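Trainee: In case you want the letters, here they are:
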Amino acid sequence: MKTPLLELAAVSKHYEVAAAPLAGLLSERPKVRAVEGVSLSVAQGEIMGLVGESGSGKSTLGRLALLLEPPTAGSVRFAGADPQADLNAFRRRAQMVFQDPQSSLNRSKTVGEILAMPLQVHDVGASRVARRARVAELLTSVGLRADAATRYPHELSGGQRQRVGIARALAIEPAFIVLDEPTSALDVSIQAQIANLLVELQQRLALTYLFISHDLRLVRWLCDRVAVMYLGRIVETGSAAALWQAPRHPYAQALLAAATAERAAPSGIGGEVPSPIAPPPGCAFHPRCAFAGPRCAREVPASRGDAQTNVACHLYDGGVA
Amino acid sequence: MIGFLAGRAASLALVLFGASILIFLVVRALPGDPAVALMTQNATPEMIAEMRRTLGLERGLPTQFALWLGGALGGDLGRSFMFSMDVSALIGERFPVTLHLALTSLAIALAIAIPTGVLAAANKGKALDHLCRVVAMVGISMPVFWQGLLMILLFAVTLGWLPPGGYVSPASGLGDSFAHILLPSVALGTAYAATVMRMLRASMLDVLGREHIAVARAHGIPERTLVWRDALHNAAIPTLTAVGFSFGYLLAGAVLTEVIFNLPGMGRLLYESILARDYPLVQGLVLLNVAVFVAINFAMDALYVALDPRIRR
Amino acid sequence: MLESEPLFRVRNLTTRLNTEAGAIVPSDSVSFDIAAGEVLGLVGESGSGKSVTARASVRLQKPDDAIKAGELWFAGRDLRRLDAAQLRELRASEIAMIVQDPAAALNPVMTVGAQLTRVAREKGMSEQDAAARALELLVQLRIADPTRRLAAYPHELSGGMRQRVLIALALMCKPKLLIADEPTTALDVTVEADILSLLDALRRDLGMAMLLISHNLSVVARLCDRVAVMYAGRLVEIGPTPSVLADPRHPYTAALLASVPRGAKADGPLPAIPGEPPDLARLAPGCGFRARCAQAGPECEKPQTLQQVGDGRFSACWRAIA
Amino acid sequence: MNRGKTIGRLLGIVRRDPLAAAAFLFLLLLAIAALFPEQIAAMSPNRPSRLRLLPPGDVYLFGTDQFGRDIFARCVHATSVSLLVGLTTVAIALLLGVPLGAIAAFRSPGKIDSGIMRTMDVLMAFPPIVLAIAVVAALGTQDIEIGPFTVPHITKVMVVIGLLNVPKVARIVRASVLVERNEQYVMAARAVGASEARVLFREVLPNCASPVAVYATLLVATSILTEASLSFLGLGIQPPQPSWGGMLADSRTYVMSGQWWLTVFPGLLIFLSVAAFNLAGDLLRDALDPAQITRRGDA
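Chains as they are written, first to last, in the working numbering: chain X, 1318 to 1638; chain R, 6 to 318; chain G, 71 to 392; chain C, 399 to 697.
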């Protein structure tokens, strides 16, 4: 098998909880375990989906993949190498599109300035004229008119702003893009436009995506493979079609049932995602799981399967008893 | 809650300590020899040397600081040369005057600021609101010393209703005491009232625009309750810190007020001690000023905790 | 009141709001009925005016003079003629409301119990009865350890729990009509499923009618008897939910339904609606959707009104009427 | 938030609001008086005459003082120094406060942040007027010679007031940078590989300009007031140079004997200048914060 473009090996991210100045002296500071021992590989040209509910750590994982935050443990490899070795080169090849098109564009800069910034940082385009041409080209490629360059973000609609956000990510011709819920702040009718644009760009520019979303339908439509996260861990990875047809992990099953329900019906997994400060022992999902047994409270289930398809559940690993 | 207050106490103690170092250094690092400054023009070198020894000036700075701070913690702030008495005793004599002034000002200010701030916000954009905003703008822009002089001119000189200055302790007659403290308190309290009113109005507007007010309204909670209970309680929280902060400054503003109205308080004492270069007295008074400021801030933090369940936990 | 008279009847509701961008008309001649015990879904994208319309229809939109025209009849009473005190009597006991963001919708400095009981106390219920009612509702809403939750402050609860408390607040006085403004938008899908199913069960128990505002067709499909689709301040289609979803009679409804992903990428691009929703400050007469409509013609520049196009079905597209 | 829009909005407010128009007109008058005092006041501000304590009249618009000097001329000539102090002190406060606050926020939480902010807390714990009085009194009211340089007393006053305001500016800047730092465009800039300095100074700080500009305008008002207070106590601008605060101090003797014009006119000028800057700050806030106006619109 080819070397994956992106490879996360057992990465974790813990945050210290901000506390009163003296609290730290009295006891160990509590930690938020946002991401816990996640391994994931994304192949060249693939669209990898990452689904999970709020607090599952999916956005943190996206930032870790781009080294926008240093992982507490584990390693990130890009194209077979350590991206830390030449961070500047890595930034040129790996980019990000953000959730909130309002907040992700600097409100005091014009669209042209926003798009020119990555070019300046990486010294692309020798002259001002060349840069302006590149900005116009970028705008056209995301379906905006070239004269949008003179506008301010607040003069654009949400969908147009998100197109600018995508154009910014494309500016320095990356190979890999993390898309952090790029459509969730948009209206349904605009979501479809952006989703189509993303697919078209991916095919035309041979891009690789890590697509973070909580929308299972969209993930199924857009992604080749999907990883499901729960409370900082990946519980199941598989092809989008397989996960949609027959999810194996009980959490993935509940998620799919809730997303496709036609009548008002309980989710079957009462309660809510527990706090990542004090995750339940064993399988973090066991307090909400209908199939849980004593073993689930004791033992963290290991991920079984290969790098492509796997599940972390005792049901598939000798039983829950 | 305890953690929060302990944390605040620790950082305020740190502030107080830092401030005491600063006071000490500023006084020591000044050009000129305090010993010389304390003496009359024709002092002999022997007399100056003697004074240096009395002041402990021949020792190293850290030692001097430790001695001074140790003394201050034990209530010994040194001796005032101008008054030939202990600084702490002098402060004990003058502090009640300033406290009386500050508390009367505070009472006047809050009595004005709370209702006007709330009503202005509740009637936003209407005549009452505009009037309150204009009056508040006048209030914060009015120099306290000018206002004091104008009030003396009007109420004492022209109308002759109130005395132009001086202090009478409440112990020697409540009515007379009130007549003497009224003008200075109004002069000092005006700017404070205007500041609090503006802050309260802004936070009230913010809270009144929030969803929980709309939801409570949608469930039949009367407008009066929404304004005076729901909104005021929420708006009081951000206002409080600023209120405490400016109350510390209000005590300081007493310098000008006490000078104008001839009140024998700490502010005038500070002014006189500075003019006379009475360093032990200056040090003691500034330190006390900072300590009071820090104490007020801590009291506000405690109040904050009482008002905001999100911190209480 | 006649037997056939609906619980809530809105006729030609028109609102106007002043914004920095100019005056906008979030609801332009909006009419709908809700029968007792019925659930009407009001679907539209952000900025379509659905929330303002819903709030104005029960006179909860501020400023009150945003309502420019229309009739609002609730249980035989003309809401537009009621003064503030009379309106307040209706609140909670007849009409209640839940909103999108439960974190912002609860007073952060009051305990859950105090917020619940004071609503009933305003209606003259005794302190004990109000406390008992609050407890009963928390139990019905499946809140674990309800007694302790009553003494808790909102920030001590999770998002889903806060939304349940908000529902309890709305149901304290057993209202006849609940305005539910995007009640689950801020929640995760599994929590959303639980809240929707609870809301549905409680509503049936009380025989309560509901106006459910949502941008999410799937939420509306799960809960509503009938659905009204709003676009650019106007209702474009209204009818029984199953038949509207199965056979939309307005091009906008059809396009909206089609743009939800239903298959895999191999099935081809998503049928997206081109362009952007129009600016409410610059609306021309005629069909608001015509600029984005694949079937638009000169006929669409004339004002369109809702016309019956079948059994209980109405559409504002001349093609559907013809 | 482009500049043209802000100016347009500002003009709109001025046109609608007569009070705003009055404030800007007064600031304009102040500027003219500060730049061309000789042309505005016919008399000399310092020449004594035998016409002592004359009430206001045709020749002496504001009357004369105890030395027979024209109060109007003195008031006009005092304008430039008050404005100079007001503007210079704010410039000093901005020059130090903006980078300190910005760096603290960017390094928050951390040792650099707590170091800077604790120091600021210590400075803030001194009631400003007390510290100003103490320092100015300690440094003396004479010019000081440092090596070959002569530091005029007025410069000392400006530096002291300026330094007093540094912590306030630092706090405002820190608070708004902390808010900005949470915006996604900051991470977006990092993601494309922009350096920390570029992110802070070219992406984040321009967005903090509005609150800082508003605060700086209000600070001019405060600084003018502080200078007047110091001069009133005899520690600020030294006679015979005219200053509003100093004139008020002189007038104290005549309050009891009813020569009201000595008190009223200089005080009125302090008050009006302070009020004008305060109003300008409020208006700037409205013009720079369209969100606030929108909120007003729909609430």
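Among the hints, erroneous ones may be present.
As the list claims (entries may be wrong) - Calculated lysine-lysine pairs in the DSSO-like style (CA-CA distance at most 27 Å, straight line):
no.	chain 1	residue 1	chain 2	residue 2
1	X	Lys-1348	C	Lys-509
2	G	Lys-244	G	Lys-138
3	G	Lys-138	R	Lys-129
Derived by calculation from the structure, the hints in this document are not laboratory data.
The structure displayed is predicted, hence computed values, not measured ones.
Trainee: Against this structure, judge whether each hint is valid.
Mentor: Results for each hint:
Between X:Lys-1348 and C:Lys-509 the CA atoms are separated by roughly 20 Å; this keeps the pair inside 27 Å, and the hint holds. Distance hint between G:Lys-244 and G:Lys-138 is unfulfilled; the C-alpha atoms sit about 31 Å from each other, more than 27 Å. Simply put, G:Lys-138 and R:Lys-129 have alpha-carbon atoms about 22 Å apart, close enough for the 27 Å limit, and the pair holds.
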